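The hints should help you fit chain B onto chain A, whose structure is shown.
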Amino acid sequence: MSILLSLFLKLSAFSLVAFGGVNALLPVLLNLAVNQEHWIDLQTFSDYFAIAQAAPGPNFMTVTLLGWHVYGVIGACVATLAIAWPSSIFIFYLQRLLLGIKDPHKKQSIQYAAAALAIGLVLSSAWQIALQINHGVAAYALTIATITFTLFTRWHPLYLIVFGAVLGLFGFI
Amino acid sequence: MSGFGGVLPWARRTLVERDKILTSEEFSAILGICQIVPGPNIVNLAVCVGSRFAGAKGAFASVMGLTLGPISLVMLLAVLYDHYSYLDSVKGILRGISAVGVGLIASTGFKMLRDEFRYPAMLLVVIITILAVCYFHLGLGWVVLIASPLALFLAWKKAHKV
Chain A
0 MSILLSLFLK LSAFSLVAFG GVNALLPVLL NLAVNQEHWI DLQTFSDYFA
50 IAQAAPGPNF MTVTLLGWHV YGVIGACVAT LAIAWPSSIF IFYLQRLLLG
100 IKDPHKKQSI QYAAAALAIG LVLSSAWQIA LQINHGVAAY ALTIATITFT
150 LFTRWHPLYL IVFGAVLGLF GFI
Chain B
0 MSGFGGVLPW ARRTLVERDK ILTSEEFSAI LGICQIVPGP NIVNLAVCVG
50 SRFAGAKGAF ASVMGLTLGP ISLVMLLAVL YDHYSYLDSV KGILRGISAV
100 GVGLIASTGF KMLRDEFRYP AMLLVVIITI LAVCYFHLGL GWVVLIASPL
150 ALFLAWKKAH KV
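In the order they appear, the protein sequences are chains A and B.
Counted from 1, the first sequence has number 112 at position 113 by numbering that gives the first Met the number 0; the numbering is strictly sequential.
Counted from 1, the second sequence has number 51 at position 52 by numbering that gives the first Met the number 0; the numbering is strictly sequential.
One or more hints might be untrue.
Ranges of calculated distance between the beta carbons of each label pair, as one might list FRET restraints [said to hold, decoys possible]:
1. I145/B to Q35/A: 18 to 24 Å
2. A60/B to L130/A: 39 to 45 Å
3. H159/B to L93/A: 35 to 41 Å
4. R95/A to K160/B: 25 to 31 Å
5. Q35/A to H159/B: 39 to 45 Å
6. I88/A to Y83/B: 37 to 43 Å
7. T13/B to A140/A: 33 to 39 Å
8. Y158/A to K156/B: 39 to 45 Å
9. T147/A to L122/B: 30 to 36 Å
It is worth saying that the hints were derived from the structure and are not from the lab.
Because the structure is a prediction, the values reported are computed rather than measured.
Ideal Cβ placement from N, Cα and C applies to all residues, glycine included.
Just chain A, with the same shape it has in the complex (with noise of 0.2 Å):
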């Protein structure tokens, strides 16, 4: 039971400072999951990245796949709830103050700034995610491909996913 409230407390607390959604926050959560609690190894966290990456749905899938590590199903709900709880009701009474500013400028401020740190908390994820589950030159390679590949071109996520796949599937990477 108490693994299941330090969970629960552990992701809460993460909640509010995720500028950036879920991904901002992945080294944090390695971090505290694997280094920390030792919840779970890295191999495992980096696996159920690279599954919550692959399986359609939200992003916020590396949390509930942690969850389940912990303790199954309930582990698996309470770690996804735990990680929404306290931004959504920031949100639920937020949004009206948000949408109700009339000042352009006001408005336009607070975009603008929410999206510079979101900007450096997403890449700093990148690149320390990186760093702990790339190995070797061959999987750096790839991301730096996935990188150019979206930036250049127009494909779908999906087909770049699938070659990641095919290239590990022939042990390349």
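For chain B alone, coordinates are given in the frame of chain A:
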């Protein structure tokens, strides 16, 4: 459930184009807010859209509707993973996917970064944030606290200039 590569494009198609629950402008305004506030973006979107029609109950219902399917599916995948993760081919596939996954996250950041070059002073906030996280290893709460005053100040100037 059919949200390969993110649920957002699909949410837009259903809510705006098919069911005409929201106008395109309303959807963009709501989405704008949901992407700037912290937390899982798609859950935020569900809260906003749901609460518009049925208050707290609507918000709750739409969050459940949006998350239960994918959560069940992903747990099914987790069961499969428990059974087959010892296979070298499965390990290889997952390594390949996670390398691509990291790249996809990075490119979300880079795509947003492109817009910032119209007002380069804002890049300072991005750089400070990255340094605070990757070099000084500060907790996310501290990073947000430290970077947000400068972010708001520069954003205010940007809004009056652009």
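Against the structure, the hints:
1. I145/B to Q35/A: 18 to 24 Å: This hint holds: roughly 23 Å between Cβ atoms.
2. A60/B to L130/A: 39 to 45 Å: holds (41 Å)
3. H159/B to L93/A: 35 to 41 Å: Taking Cβ atoms as reference, H159/B and L93/A lie about 24 Å apart, which means the hint is violated.
4. R95/A to K160/B: 25 to 31 Å: Hint holds: Cβ distance 29 Å, inside 25 to 31 Å.
5. Q35/A to H159/B: 39 to 45 Å: holds (44 Å)
6. I88/A to Y83/B: 37 to 43 Å: At roughly 39 Å between Cβ atoms, Y83/B and I88/A fall inside 37 to 43 Å, so the hint holds.
7. T13/B to A140/A: 33 to 39 Å: holds (38 Å)
8. Y158/A to K156/B: 39 to 45 Å: holds (41 Å)
9. T147/A to L122/B: 30 to 36 Å: violated (21 Å)
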